[in-house]
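Student: Each chain is listed here by its residues.
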Amino acid sequence: MENLIALLVAAPLLGAAVLLCGGRRLDRGGHWIGTLLAVVSFAVGVLLFTDMLGKDAEHRALHQSLFSWIPVEGFQADVAFQLDQLSMTFVLLITGVGSLIHVYSIGYMEHDERRRRFFGYLNLFLAAMLLLVIADNYLLLYVGWEGVGLASYLLIGFWQHKPSAATAAKKAFLVNRVGDMGLSIAIMLMFTTFGTFAFGPVLESTADTSEGMLTAIGLLLLLAACGKSAQVPLQSWLGDAMEGPTPVSALIHAATMVTAGVYLITRSGAIFNAAPDAQLAVVIVGAVTLLFGAIVGCAKDDIKKALAGSTMSQIGYMILAAGLGPIGYAFAIMHLVTHGFFKAGLFLGAGSVMHGMNDEVDMRKYGGLRKYMPVTFVTFGLGYLAIIGFPGLSGFWSKDKIIEAAFAYDDGIRGWIFGGVALLGAGITAFYMTRVMIMTFFGEKRWQPDADGNEPHPHESPKSMTIPMIVLAFGSVFAGGLFSLNESFVKWLEPVTQFEHPHPVISVPAITASTVVVLLLGAALAYVMYGRKPVPVTAPRGSLLTRAARRDLLQDDFNHVVLVRGGEHLTRSLVYVDHTMVDGVVNGTAAGFGGLSGRMRKLQNGFARSYAVSMFGGTAILIAATLLMRAV
Amino acid sequence: MSFPLLTATAAVPAIGAIVTAAVPSARRTAAKWLALLFSLATLLLAGVVGARFDPGGDRYQLTESHAWIADFGVRYELGVDGIGVALIGLTALLIPFIILAGWHDADPYETDSKRWRPTQGFFALILMVEAMVILSFEATDVFLFYVLFEAMLIPMYFLIGGFGDRAAATQPAADAAGGSDEKAAAQRSYAAVKFLLYNLVGGLIMLAAVIGLYVVAGNFSLQEIAAARASGELEMATNTERLLFLGFFFAFAVKAPLWPLHTWLPNAMGEATAPVAVLITAVVDKVGTFAMLRFCLQLFPEASKWATPVILVLALISIVYGALLAVGQRDIKRLVAYASISHFGFIIMGIFAMTSQGQSGATLYMINHGISTAALMLVAGFLISRRGSRLIADFGGVQKVAPVLAGTFLIGSLATLSLPGLAPFVSEFLVLVGTFTRYPVVGIIATFGIVLAALYTLVLYQRTMTGPVKLEVAKMPDLRVRELVVVAPLIALLIFLGVYPKPVTDLVNPAVGHTLSDVQKKDPKPEVEAAK
Amino acid sequence: MSPVNYLYLAALLFAIGSTGVLIRRNAIVVFMCIELMLNACNLALVTFSRMHGNLDGQIIAFFTMVVAAAEVVVGLAIIVSLFRSRHSASVDDASLMKL
Amino acid sequence: MSTLAAYATSTGEAFQFWVLGTVAVIGALCTVLMKKAVHSALCLAGTMIILAVFYLANGAYFLGIVQVVVYTGAIMMLFLFVVMLVGVTAADSLKETIKGQRWLAALCGLGFAVLLVGGIGNASLKEFNGLAQANAGGNVEGLAALIFTKYVFAFEITGALLITAAVGAMVLTHRERTERAKTQRELAEERVREGKHLPPLPAPGVYARHNAVDIAGLLPDGTPSELTVSKTLRDRGQIRDVSSEALNDLQALEQRSDERLGRSGGAASSTDDAASGDKKEAAK
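Residue numbers (the UniProt record's numbering), protein chains in the order written: chain A, 1 to 632; chain B, 1 to 532; chain C, 1 to 99; chain D, 1 to 284.
Everything labelled a hint here was simulated from the structure, so no lab data went into it. Incorrect hints may appear among the rest.
[Said to hold, decoys possible] Facing chain A, according to a computed beta carbon distance under 8 Å, are these residues of chain B, among others:
no., residue
1, 44
2, 451
3, 526
Where a beta carbon is used, it is the ideal one built from N, C-alpha and C, also for glycine.
All chains should be modelled from the sequences, with the hints used to inform the complete structure.
Tutor: Right under this line is the structure:
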């Protein structure tokens, strides 16, 4: 059975290879190949899952070792896969949502002449992401880690003729690279500490090493997670990443890739459990991002950017949960899965809306679309209810648990702080999602003719697009409840991530109740602000906070001023230095010799006799020298 | 006396050079084919060497030894260890691609046929370089190595100075200035002379050290001296050893280029044609790093350890400095050159980290850097030859017009930023780990190079390939068959070695083990003996 | 008296000859000075042969003479043609070694 | 010198050495210092002959003869011949043109002398075993035996060298006349074409008693004109300048005519002039 694991990666990888090397002859049927292979991978995943369910909890983990990758004295890196419950969850999420989005893309990218390539990239992403989650050592995980980075780079910049897209892609890759640096240093640190970087040995032997070392590793891993999961301070790329085609935003920048950080932290749970300081850092990052994303989400008028903000903040929730240790891991993953469903659904909905509105992304130019695209409206609405955590829907089950866990951080002030933040986040989430909902589907229509001057005439999207949305909507409605049936999800993950029941500082029902209240308040506020009076087509100046939030709370400006400008000046001055100083020294010496020889030249006056003199003189000196040598 | 395989491997290209040069200029194409044929034959022989070499066996194998200059105990002594085999393989592998890529670089100007371009000479010189490089990888006699180390410069000088790409001549900027052709020629000769002078100075200092070594040791045989050093028969005064080491190291540092001796490389690579640039950075410069590994460490273990801190710092500077300057370049070729400087920093760092990971990584790095730079530089060459300009600003939106070219270029760039899954990642990570285990701070700083690498490669790709299509590139043709034949195998190799570098590592590991035992260094043990 | 004095004499003559070569400008005289130096060497050789009691020294001296003869022939021929071409036998006039 | 007492020459030889050696050195010096090439040549010849004597004294009979016959006989004659060719009296001024050349040269010569003498002094030249038994079978036979056995190859090669030299000398000096010799007519036409010296060149000499070819004719203002002297002499720089004397004579002549015409005054001076003039004539 475990021999099938490799197939999970192999199938989409094959697809990518075929599609990217296949050339134009595959332009017509290419997307089918891609989709098929994604589905194959999903099927394999399901097969393995059922097989796994067959076994008892302790013996579910599968392991497949392919070949020795980098065998060097005292440094063994193998290509080996490990499929335990945690990986399995991801595999199903990735392949499942991935397949759906493949299907969706068939319709969405229909008019793009480079559709074949698009599907090639998508398959490449699937392969990398699967490699990331089923790798059995950190180095192989790193490969997948960078692989998804590459795929996201290619997909964000898919419409390369748009400079904005190219820049966004580059930015995403670079910011991720900073995170990757953290990961690679972490791996080195592991190697020097444990002499290996396979999950098993490393995580088992955390007991025998110093806490300081573990804290260092933990912080570095956190840095990596920040890069990949768009957490403060490395979150700046996610907004721009929305330049990519919407299915990409749905798959990579909502459902799967951006959650890799959560996976990393959960996977390395043993390390974090032994390093409370690192955990605290994780929690803080999570909490900050949670608010950051939410606030940004409130201000954006671009529907995708608003959703991106919300993604940020939702992942903030997950990171927060993951930072809480055994009481949080399971819920982090659970929220991750449910979020995968509804956020993907929301993005696909947004994509469908744009599809109908000539790729218009400004929500202020939408309005009253519910009549024109009912399916989209319904599915989007369900996703909306799910994400704000409307009781009974997926989001409710997972987010509520996280808030509880946050309150249970410790029975002191911190518990209150983090719990409060989580709670507040829930409210804001409700606010901006309601805002999105209202501005898009309700109110009167504010459509504008696009650049080419043709009036948009919204229409429902083709089946290939709506079906995935429907499926995801189902997921976002029922998944959470399903998982929570006598804590099946928690039990399922327990062997990998351990589980302790959280003991919040205030009683669970109180938390639940307050959550509901908060989200209702948020929604109501949004309704008051946007539902009651018509939405202006051009954004009002807005408060200072709003304006800051529109600019991602000035984070980009900061980067630009400090990093970009500084870097440019640095490089420019260095180029100058290299040319004048380093090179100048050498050329200077050369010039000096030139001048010297110029003077020496004067001695060559062309008179045979003076040459003869020098000859004789030289001979005389030589003889004298030899004689002296003899004498000495 | 078995068949002198190593001599043959070096002799074939040498003969090829002579034969090619002898072809009458009317039969230009025949000369090209001959050159290609001979380079392939060399590749074949190199393969035989690899097959006959037994990694588990003695340190030096397939040895040959004949008296050369008996009076000074100079011998024609050949022998290869794993590292040598690997690098011979790399050289023999790259040359056919270089020849194929430079197929039309030395054709006479169609504009004015008066100006003579010795096409055969171009290919003959390339083969000559190949012969010398291969022999220098084989030489186990210090003097013989020195001779080759210097002789190499002559053909390189002519290759750089004699055959600039016509792209430079038709730079719009230069055209505006007028007399662009002369200007290009002037820059070219400047670059060539700079290359020659730098390396000659290095070589001369090395010569002094070589003589000094002879005075101290009484012969030139690497194996004998190393053995004597190991057994303690040959005692060197600390200062003597240090001076000799510096003499050798200086030459190699110039060749490899290590900051601040690097400035010749950007000029040379900028002015030479892309294939020649590849020849410089991917083949010839490797002799320098190889020699550090083989001569510096073996002959002067103590001095090597003594100098390690300084060298590591210089390597670090090279890494960061090279990367930063690469970001600041306006000229594609110079950018690649500075990138190479950064990479050489990594190699040297790996060598002097004195850990098995570091040195295996360094060796692997030499090979991977050769392949990846070849891929990137050759594609860049194709690009430049199409547009007739080396300035990044003159390109834009190529991806739209020539997707295959852009794709190969992207893969080359990704290899340069050592993306996991491509060969350079393996080596770079090994080097970093190897360094980190002994010098954590150095390792961490070096890791910044990764980010910078991403910066300059992606900026290059973005500026040239993406964005709206520039008018001048609108008509740009995609890769032709010949060019595809050049690039595709290299890329395939990059991927293969990235996924399955075992063949090379198996070849290299024992040799590295020997080197480490020379310097009496052991890998630091992990803090926790996990899973043992 | 010891025959060594012959050697001193030879040395003296040689030195004088060399000085002449350096001082004089007339090619012919320069030539004569060279001859003088050669002769000095011959004297030394002959003395050496006497010293060692074998004839090899004389043989060498003999050969020196032969070579000198040949040299003179060619040299004078050169001078003559030089004089023809530039109407002067001064070595300084032929100062074309400088570009 | 006591160490060398082991082998000493006969007093006669010693005497001969000191006398002739001095002469030889003087000759050498003269060779270097004489203004005129001819004199140098003669001095050199003298030195060579003395050396020949020394050879004989050193038991190198064959070489001594060869020295006289070949060197002094043939080679020096060759020198003299060339000197004639180039100009017997062509004296090159000893004035140095190159700065510092002379001093450097002297320094070099001195240095050489010191070094060589010092070297010989240091060398261990103790025992001289003389050529008694070497020359037992006759000097010439001894040499011959060596030349044709031990040094036969060198001998052959020198033969080749000599031939080459002879041929070389011929090649260098021989001049093939490539173009037809110009006839008088052609020369005349050429002159006309070039438009200079249409009339024949002026004749040398000023007065009947000074019509030697090496005397430049005087222009009306009394300055000599190079043109009147043949080209070869010009090249050799062998023009005698008599203008001053000629002017003096002219003056003297006028004086005498005055006396004849019975003009008074300056007779003594005039006679002095005449005398001086005659003296000058004598001097010539």
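Student: A closest beta-carbon separation below 8 Å is what the hint needs, so does residue 451 of chain B meet it against chain A?
Tutor: Residue 451 of chain B check passes; min Cβ-Cβ to chain A is 5 Å, inside 8 Å.
Student: Identify whether the interface hint at residue 526 of chain B stands, where standing means a beta carbon of chain A within less than 8 Å of its own.
Tutor: Given a least distance of 3 Å, the restraint on residue 526 of chain B holds.
Student: Can the hint on residue 44 of chain B be confirmed by a CB-to-CB distance to chain A that is less than 8 Å?
Tutor: Since the shortest Cβ distance to chain A is 28 Å, the answer is violated.
When held up to the earlier numbered hints, the structure conflicts with hint 1 and nothing else.
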